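Q: This is what each chain is made of:
Number of protein chains: 2
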Amino acid sequence: MKGRAWKFGNDIDTDAIIPGRYLILNTSEDLAKHAFEGVRPEFAKEVKKGDIVVAESNFGCGSSREHAPLALKGTGISCVIAKSFARIFFRNAINIGVPLLECPDTHLIEDKDVIEVDISTGIIKNHTKNEQYQATPLPDFVREIVDAGGLIEYTRKLIA
Amino acid sequence: MKGRAWKFGNDIDTDAIIPGRYLILNTSEDLAKHAFEGVRPEFAKEVKKGDIVVAESNFGCGSSREHAPLALKGTGISCVIAKSFARIFFRNAINIGVPLLECPDTHLIEDKDVIEVDISTGIIKNHTKNEQYQATPLPDFVREIVDAGGLIEYTRKLIA
Numbered sequence: 018m019k020g021r022a023w024k025f026g027n028d029i030d031t032d033a034i035i036p037g038r039y040l041i042l043n044t045s046e047d048l049a050k051h052a053f054e055g056v057r058p059e060f061a062k063e064v065k066k067g068d069i070v071v072a073e074s075n076f077g078c079g080s081s082r083e084h085a086p087l088a089l090k091g092t093g094i095s096c097v098i099a100k101s102f103a104r105i106f107f108r109n110a111i112n113i114g115v116p117l118l119e120c121p122d123t124h125l126i127e128d129k130d131v132i133e134v135d136i137s138t139g140i141i142k143n144h145t146k147n148e149q150y151q152a153t154p155l156p157d158f159v160r161e162i163v164d165a166g167g168l169i170e171y172t173r174k175l176i177a
Numbered sequence: 018m019k020g021r022a023w024k025f026g027n028d029i030d031t032d033a034i035i036p037g038r039y040l041i042l043n044t045s046e047d048l049a050k051h052a053f054e055g056v057r058p059e060f061a062k063e064v065k066k067g068d069i070v071v072a073e074s075n076f077g078c079g080s081s082r083e084h085a086p087l088a089l090k091g092t093g094i095s096c097v098i099a100k101s102f103a104r105i106f107f108r109n110a111i112n113i114g115v116p117l118l119e120c121p122d123t124h125l126i127e128d129k130d131v132i133e134v135d136i137s138t139g140i141i142k143n144h145t146k147n148e149q150y151q152a153t154p155l156p157d158f159v160r161e162i163v164d165a166g167g168l169i170e171y172t173r174k175l176i177a
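Residue numbers (our numbering), protein chains in the order written: chain A, 18 to 177; chain B, 18 to 177.
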């Protein structure tokens, strides 16, 4: 997966990811139209399938709304890379099927860098800077949930 | 005053303007280095004297910290234009000497547009789009405070 990096800093809260007044929306498609609307008004218009959200520490802090990973899923981004994630956001994102990677080097990635991510190995290639970083790969069983498209789909498959 | 528009959406809170962990800093110069750091990591590096922050409704909501307008003042921006401002932010900004303009047309301004603002008349020229908007000019006595560099300087002058 190769795409543009959309770079954020520390402590991006769920209200920045999806403003509170859109919590009345319930589908990832509808929510995605308003992703990052307050802080990056151009995001929803310009984001392309396969792009990557890159942040520093504590991504997804604040109100523990599932709408935040739902909105991200709807944008078609391939994953979120951050130095760390807020705990409940992490669980919500996995449950909904948004791949996350923890990587200590995200300060080296700048907005608009073209990066390529291998979710299974955690290897991140920065084509713009000709650099490579190592993220912590998700544990296998967590990746299976994400690959299935979230916890509900995963459980459906288990039952079937 | 002519400069680049830095475009934001609705409900930009003071924590987006200056992240909470920098409240230990007290000068506008130091705070300015971290303005919008979480949500727009490139802002502090790239902002130029005379640039203009443009937002939609309720700019400056959230915690009523004076550090937010202090940080903005330190960046050298010439003013903030929004559809509306949070009340306490508005007072703090005027007290600190950051010009604000209310304009109902900020959704027509995009990030990186080159705009020119006449604070006294409220006329905003968008050179990129060849459009013109009318903002509500600040009342004369408020503009005198801002022109003096804030309430403290204004009061000093009155006393002198």
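One or more of the hints may lead you astray.
If you only want the chain B side, here are some residues facing chain A, beta carbon under 10 Å, derived [unchecked claim]: (1) D32; (2) R38; (3) K50; (4) G55; (5) K65; (6) G67; (7) S80; (8) E83; (9) E119; (10) Y171; (11) A177.
If you are wondering where the hints come from, they were derived from the structure by calculation, not from laboratory data. Being a predicted model, the structure only gives us computed values, none of them experimental. Where is the CB? At the ideal position from N, CA and C, for every residue including glycine.
Q: Evaluate each hint against the coordinates.
A: So, going through the hints one by one against the coordinates:
Taking 10 Å as the C-beta cut-off, the interface hint given for D32 of chain B holds, the closest approach to chain A being about 8 Å. Taken as an interface hint, R38 of chain B checks out: its beta carbon lies about 8 Å from the nearest beta carbon of chain A, inside 10 Å. Here the hint on K50 of chain B is broken, as its CB sits about 13 Å from the closest CB of chain A, past 10 Å. Interface hint status for G55 of chain B: upheld, as the beta-carbon distance to the closest one in chain A is roughly 4 Å, under 10 Å.
The closest approach between the C-beta of K65 of chain B and any C-beta of chain A is roughly 17 Å, which is over the 10 Å cut-off, so the hint fails. Contact between G67 of chain B and chain A, as hinted, is not supported at the beta carbon level, the nearest pair being about 21 Å apart and thus beyond 10 Å. The beta carbon of S80 of chain B comes no nearer than 13 Å to any beta carbon in chain A, farther than 10 Å, and the hint placing it at the interface is violated. The closest approach between the C-beta of E83 of chain B and any C-beta of chain A is roughly 20 Å, which is over the 10 Å cut-off, so the hint fails.
For E119 of chain B, the interface hint is violated, since its Cβ never comes within 10 Å of a Cβ in chain A; the closest pair sits about 18 Å apart. Because the beta carbon of Y171 of chain B sits about 32 Å from the nearest beta carbon in chain A, more than 10 Å, this interface hint is broken. The interface hint given for A177 of chain B is broken, as the beta carbon of that residue sits about 42 Å from the closest beta carbon of chain A, more than 10 Å.
In summary, the numbered hints that this structure violates are 3, 5, 6, 7, 8, 9, 10 and 11.
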